[in-house]
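*Asks:* Heads up: the sequence lines are chains A and B, in that order. Those letters in the first sequence? Residues 2 to 253, per our numbering, in order. Those letters in the second sequence? Residues 2 to 253, per our numbering, in order.
The hints are simulated quantities; they were obtained by calculation from the structure and are not laboratory data. Here the structure is a predicted model, which is why all the values come from computation and not from measurement. Do not rely on the hints blindly, as some may be mistaken.
Identical copies go unnamed one by one, so any copy, or any two together, can satisfy a pair.
[Said to hold, decoys possible] For lysine to aspartate or glutamate, the following EDC-like pairs were computed, each having C-alpha atoms within a straight-line distance of at most 16 Å:
#1 K148 with D190
#2 K73 with D98
#3 K226 with D68
Number of protein chains: 2
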Amino acid sequence: MISIILLGAGKVAKHLFDALYKSNDISVIQWFNRDIKKIESFKNDIGITDEIDSLAKADIYIICVSDDAISKISKKLPFTGRLVVHTSGSINIHDLDKKNRRGVFYPLQTFSNSRQINFEEIPLCLEALEKEDLKLLRSLAKHIGCKSYKINTEQRQTLHLSAVFVNNFVNQMYRIGHEISDAKKINFDILKPLLIETANKLNEMSPYQAQTGPAVRNDQKTIKKHLKMLEKKEHKHIYQVMTKSIEKTHGR
Amino acid sequence: MISIILLGAGKVAKHLFDALYKSNDISVIQWFNRDIKKIESFKNDIGITDEIDSLAKADIYIICVSDDAISKISKKLPFTGRLVVHTSGSINIHDLDKKNRRGVFYPLQTFSNSRQINFEEIPLCLEALEKEDLKLLRSLAKHIGCKSYKINTEQRQTLHLSAVFVNNFVNQMYRIGHEISDAKKINFDILKPLLIETANKLNEMSPYQAQTGPAVRNDQKTIKKHLKMLEKKEHKHIYQVMTKSIEKTHGR
Chain A
2 MISIILLGAG KVAKHLFDAL YKSNDISVIQ WFNRDIKKIE SFKNDIGITD
52 EIDSLAKADI YIICVSDDAI SKISKKLPFT GRLVVHTSGS INIHDLDKKN
102 RRGVFYPLQT FSNSRQINFE EIPLCLEALE KEDLKLLRSL AKHIGCKSYK
152 INTEQRQTLH LSAVFVNNFV NQMYRIGHEI SDAKKINFDI LKPLLIETAN
202 KLNEMSPYQA QTGPAVRNDQ KTIKKHLKML EKKEHKHIYQ VMTKSIEKTH
252 GR
Chain B
2 MISIILLGAG KVAKHLFDAL YKSNDISVIQ WFNRDIKKIE SFKNDIGITD
52 EIDSLAKADI YIICVSDDAI SKISKKLPFT GRLVVHTSGS INIHDLDKKN
102 RRGVFYPLQT FSNSRQINFE EIPLCLEALE KEDLKLLRSL AKHIGCKSYK
152 INTEQRQTLH LSAVFVNNFV NQMYRIGHEI SDAKKINFDI LKPLLIETAN
202 KLNEMSPYQA QTGPAVRNDQ KTIKKHLKML EKKEHKHIYQ VMTKSIEKTH
252 GR
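When you get a sec, could you build the whole thing from the sequences and use the hints?
*Replies:* Set out below in structure tokens:
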């Protein structure tokens, strides 16, 4: 049985709590948040507290707070020599106070409050300074059913950066597609099977192999027509920048 | 029973043939292609030909050739007054020769030769000049199990343009994410659950609601850090353009 104390109550903390709580091999013994109201609804399931000095003893302390607050809260912990991990994609493992054993437990996924997520499908990026601690984090990941990867800080920061492209920027492309089709009173649902297939295709081929469309075909006639159709200057610019990028990738 | 003759042998034609051939209410009676070698392997299933003058009689002629060749092939058809449709996202219905009844049967999806597709999940965008012809196209769509939408030429061209954003440009974002992570010897598989969830999220919310990440949070510290990490000038530029676009969308 691995005992856990959770610190913070944002989206990641809540999804992580659900996953940890379900496992028979994990005991979440306490949940800390500065603003206790945010975790009050859990008080029948678990010990809750807003006083950092009243933290109990546990195998792993998981810090799920905003990036800016991680270092600060790690300094305030009223104990030493225990395993303390953060869950951030961009914060260095050394930003945790060195009075404790340090690690990272980073779930690479996008979380919304309103959307249920199957935690088992989330890859966990693990880092620890001690071999034994990495082993403990691996077994924690295994107990909640996740695949885990040993990822150092530089790699994790790179993953976080890549995630901005494959998640945030991709989502903005969806947004632009939505805007363009909305303007002509077209139901955005028509585009959904396409965008889901675009993602699923990568289970069988690389993004390089998967590329289709006017830019990779060097179909200048269609490109010109599209640029003429785009009403917003901003959309035109993005069309040009992305077309150029595809052309460059494919040696056009 | 609806009788069909297929013209052309590209990716769309092949996927469409599979879907049509499976239906009990559709009879594909002939397949034409200028280069007969490309359809020779089907000669036991169906009449094949490379002579346009030997086309049989059918309810619907489906032209699945490259955009540039659609108008030309429609002119060469050795009959008049029959229903002829093309399958292109960008070609005007009026580009078909008016000696026949005209329509469009546009499957909005991305096709690869190597990947099996569940045709039933593809939205079909239908257009016809005559009401009766639209009805026939609707029942054709229904017989292969597809949802269909009445979409005029301007809307279809807008959908095709939107598709460039939600498919081609999205895929190029995947490509960049792949490049960046590859450079640090990170397995791209780690990013796949994220990008699949990014697409699936849209089943529950709009792209506007789904946005997360540094740009929408106005997290200038992370944006600065990411720009510093990006080694290629082109990637930096795309990061800046997309960040600005997200900021604009969300009124930052």
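*Asks:* Each hint should be assessed against the structure and marked as holding or not.
*Replies:* A quick look at each hint next to the structure:
no., hint, in the structure
1, K148 with D190, "between (32 Å within a copy, 11 Å between copies)"
2, K73 with D98, "within (8 Å within a copy, 72 Å between copies)"
3, K226 with D68, "between (45 Å within a copy, 13 Å between copies)"
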